[in-house]
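One line per chain: the protein sequences are B and V, in this order.
The first sequence lines up with residues -5 to 475 when you count with this note's numbering.
The second sequence lines up with residues 6 to 302 when you count with this note's numbering.
In short, the hints are calculated from the structure, not lab data.
These numbers come from a predicted model, not from an experiment.
Every residue, glycine too, gets a C-beta built ideally from N, C-alpha and C.
Do not take every clue at face value.
Unchecked claim - Selected chain B positions facing chain V (in silico; Cβ < 8 Å):
| no. | residue |
| --- | --- |
| 1 | Phe88 |
| 2 | Tyr90 |
| 3 | Thr186 |
| 4 | Thr187 |
| 5 | Arg188 |
| 6 | Arg214 |
| 7 | Phe216 |
| 8 | Ala224 |
| 9 | Phe228 |
| 10 | Val231 |
| 11 | Leu232 |
| 12 | Leu458 |
| 13 | Gly463 |
As the list claims (entries may be wrong) - Computed footprint of chain B on chain V, listed as stretches where at least three residues anywhere in the stretch have a Cβ under 8 Å from a Cβ of chain B:
| no. | stretch |
| --- | --- |
| 14 | 170 to 179 |
| 15 | 273 to 285 |
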Amino acid sequence: MLFNSLDYLVFFVVVYLLYWLVAVRNTRLRNAFLIVASYVFYGWWEPIFLLLIALSSAVDFFVGFQLGRSEKAGQRRVLLGISLAVNLGLLGVFKYFDFFVESLTEQLARCGVDLFDLSSLGLILPVGISFYTFQTMSYSIDVYRRRMEPTRNPLAFFAYVSFFPQLVAGPIERAHSFLPQFMRKLKWDAATTRDGLRQILWGFFKKIAIADVCAPIVNRAFETPAAYDAPFLFFAVLLFAFQIYADFSGYSDIAIGTARLFGFDLRRNFAFPYFSRDIAEFWRRWHISLSTWFRDYVYIPLGGSRVSRGRQVRNVLIVFLVSGLWHGANGTFVIWGLVHALLFLPLILANRNRTYLDTPGGSGLLPRPVEGLRILLTFGLVCYAWIYFRAASFSDAIAYQQAILESFPGSVNQVKTWPNMKALLLIVFMLGMEWAQRRELYGLAIQRFPHPLRWGCYLLVSMLIVFYGEFGLNEFIYFQF
Amino acid sequence: MNLSTSSSSSAWCLLRDLVLYALLVVLTYTGLCYVFYAHPHLLIGEQGWISTYRRVDRAQEALPHKTVYLGDSVGAQFFPFQHMPNALTANGAVLMAGQLVLAGMASEHPDVERIVLAITPESLLRPFEHEMTFNNYVKPFYSKGNRAYILPITDEKVARHRWGVFSRHVLAKFLPFSDVNYGWGSGKHDTIPHGERDVREASRYAVEHIHHLVSLVEARGKRVVFVSPPVSRARYDASKGYRVSRSILEQAGLSEHFAHYFDQMIVLEDTAFTDKMHLNPRRLPELKRALAALLER
């Protein structure tokens, strides 16, 4: 079910009312209700894949339960191995198998080797599989490391894995902070509800009035880059940067806001990443729940930065390459990760990866000139990496860059979408709001504004959505991951 | 609800605010609809249906030109609305019904002597039952003000749909939703003619409008010229040189107006196009010269 669909609106109203009127009186009933609602939400798309969520949940509940009873190191390792094998196995089969088979066949064919007939499975990628498998794995790993007690409450655990607001595209929650929320008693709170609604409104604005407005222009440029001149191709990369940010952070805002309406706190997933002053800061602000997951479960176990320089480089490369591969079975994501690794390495080797921990721009209205230049430079580098992320293949990414170079400085040559004032003005509005609110959790966190100004902002955002949004039931980009 | 007395009153406050918010949204939307309908230049953006209002606006203003260009999005690549004050080119989804309104308005101007329709064969015979009709024809063109240029066949088609009765109201003119909620059904009527049967069925609506457009403009002592922008080899071959479209127009008694349209059609390799329909902008300068030469003949 898509957040931006009529089906979801009806689903949400029914579930919300039943939840607060009936289910919330009893914790068990509430969790059972949430599981049913979440399974309906997910099953609306493809019911058969509910089996995968149920399997992943059951395995990790069992593993956690057994880990709590076992003291033998060998046995514990086996149990953890089961969790990792099942979850990574699911990912391997559904997400990566075809990619590896096709790549292998291609490589063998290039070498003139046709020893055996490998065929891809042609499986559909189950929506959200990368998110919920990582969430369940983190539980088993934390229990294995004795960082948390295993739960004996299957209803709470199944609800934790399948919680519908964040099931298909995160934020990827951690059991130690999220699971206990399914065991506490809840009370409806007006301030939390208002805050949730505000964040949902902001999420919809970003999705409908920014991401979906940019999408057709970006698609056109990346489909036939050779047809356009350099200014338009630059413009399209810029738009893609905002498209993917607005799409994914918009989804996160809707998910976090919706969870708040149900009395749950999800972790922050984006912290205004395009205001970052270097790549290290960017990665502290972009897709936080995934980057911290890789930090805690891959980078630190490998030794993190407390190892020799050589191993440090290796660790950074591994994390970024795996992070790229997490996004999909395509070499372009690996290159995207590699580009970020190469941008990140100089900072970590010079021990300057934690230079910017404060709020960009301090308390000023605008950033200082040097700071502004750093923000622009970081944004430019991030945009460059996005070319690999967006292109369908590595050769397409190269073709895109060639098209820019060949037509540079570019004749203004009937590129009818240049400039797209609507998209630009909407982006400027979004950036303005987020810059003004950069100390808050999201762009429309204006609860402290005077009443008329606050309502004026709600109306303005609503009207921008209605008059300039694209209502085409477009899927969120991160669903494909 | 699991609410204490204080949170119960907070719930009512929240509900009250939500109702107030909904009311304000509706009222603001209504007000802005009237403002934008009267002053479409206040809208930003050159994309989609919003931009079509600008064509209507320009068609109503003074047009001190001998030639006015109409057409679809491919035609707009040659005669861009943004750069030519005498271009009212829009897109294929405005249908011939929308072109009729624009041609009617343009031909009212005394200086205008010739109306050129630069339009692809696909747009020329586009049916009413298309998923973009609501946004691109009904919203900007189907209103009381344009009554003189709306044919009974359109009224019949609109009346057939659930929400058709509201189509002329200004509040429907800026609805963010497309046909999906308008009653054209599932939005699956994307019937750009592709087979012979489809072209025949689609053509009735389009042909009636072409007839009306030609006779209206000629009755005002002006000329109509139909010209096709270059088409791709793939499209040309698939339609066998637009054989069916040609015969439909001949049977409708319009062969005089379309003889050159088909005979002088420029057919290019697929690489000259970005999507088999729209031309690669880098090829445009040479193609513009070619099309201009066609119009000079």
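Of the hints given before, which are not true for this structure?
Hint check: 1, 2, 3, 7, 8, 9, 10, 11, 12, 14 fail, others pass.
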